[in-house]
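Engineer: Sequence:
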Amino acid sequence: MKKTTVKTALPFILSVAALSFPLSGVFDTATIFLDQIPWYVGTLVVLIIVFIGALFDMLGVAAAAARETPFHAMASKRVFGARRAIFIVRNAEKVSSLASDVVGDIAGVLSGAGALAVSVQLQKALHSKGWTAELIVILLTAFITALTVGAKAIGKTVAIQSPTPIVLFAAKAFDTLFLWRKPVEAVAARRRKTKN
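Residue numbers for the sequence shown follow UniProt numbering, beginning at 1 and rising by one.
Don't read these hints as lab results, they were simulated from the structure. As the structure is a prediction and not an experimental result, all values here were calculated from the model. Backbone N, C-alpha and C fix where the C-beta goes; we use that ideal spot for every residue, glycine too. Hints are not guaranteed to be accurate.
As a list, the in silico DSSO-like pairs of lysine-lysine whose alpha-carbon atoms are at most 27 Å apart [said to hold, decoys possible]:
hint	residue 1	residue 2
1	77	172
2	156	94
3	156	172
Label pairs and their in silico Cβ distance ranges [as the list claims (entries may be wrong)]:
hint	residue 1	residue 2	range
4	138	15	33 to 43 Å
5	142	105	11 to 21 Å
6	69	178	19 to 29 Å
Take these sequences, add in the hints, and give me the full structure.
Structural biologist: As structure tokens, this is what we get:
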């Protein structure tokens with residue numbers, strides 16, 4: 001993992017902070033639509049947000065905990081995603097910041113806002129008023145908060161214990177989804193094994 005000083009990292013830090021503003025605005029606006037859908041659908045959306053936040057938080061920790069050596073061995077065998085994994089590890093500080101501090105933290109904030117919106121819909125569905133309505137808000141937001149904290153704790157534990165497969169999976173997903181690449185290296189490796 002590359003070690004950088006605050007001075008050299010300052011441009012990246014500022015760009016991440018600038019990126020967080022529009023992303024948070026877009027995602028926060030999306031939570032407004034939770035007021036227009038049934039509470040059970042909204043609950044599913046909030047759970048997905050919690051899962052995404054925990055997943056990216058796990059990736060951020062895995063990137064910081066992983067080492068290059070296993071990926072160099074994979075790259076020599078032309079394992080698909082190995083080269084991208086090396087790039088992730090070498091830029092662990094930036095990847096960790098983007099995954100954990102941007103996506104992970106924004107997802108955490110949104111899950112709380114989403115829980116509040118869902119609780120309002122649940123109040124309407126149950127025709128709750130007074131202390132019952134307040135109890136619904138408290139219980140639902142507390143549940144989502146506990147779920148978020150628990151999911152992130154589990155994700156971080158797994159990431160620290162097994163960073164290599166997590167980083168490799170992320171690398172494969174990135175190359176497949178964003179670069180529209182098929183696992184050519186993996187296919188070529190299978191063909192060589194077949195010939196041998």
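Engineer: If a hint holds in the structure, say so; if it doesn't, say that too.
Structural biologist: The hints, checked one at a time:
Distance hint between residue 77 and residue 172 is fulfilled; the C-alpha atoms sit about 15 Å from each other, no more than 27 Å. This hinted pair checks out: residue 156 and residue 94 have alpha carbons roughly 17 Å apart, not beyond 27 Å. Our distance criterion of 27 Å between C-alpha atoms is met by residue 156 and residue 172, whose separation comes to about 20 Å. Separated by about 38 Å at the C-beta atoms, residue 138 and residue 15 satisfy the suggested range of 33 to 43 Å.
In this structure the hint that residue 142 and residue 105 lie 11 to 21 Å apart at CB holds, the actual value being about 20 Å. In this structure the hint that residue 69 and residue 178 lie 19 to 29 Å apart at CB holds, the actual value being about 26 Å.
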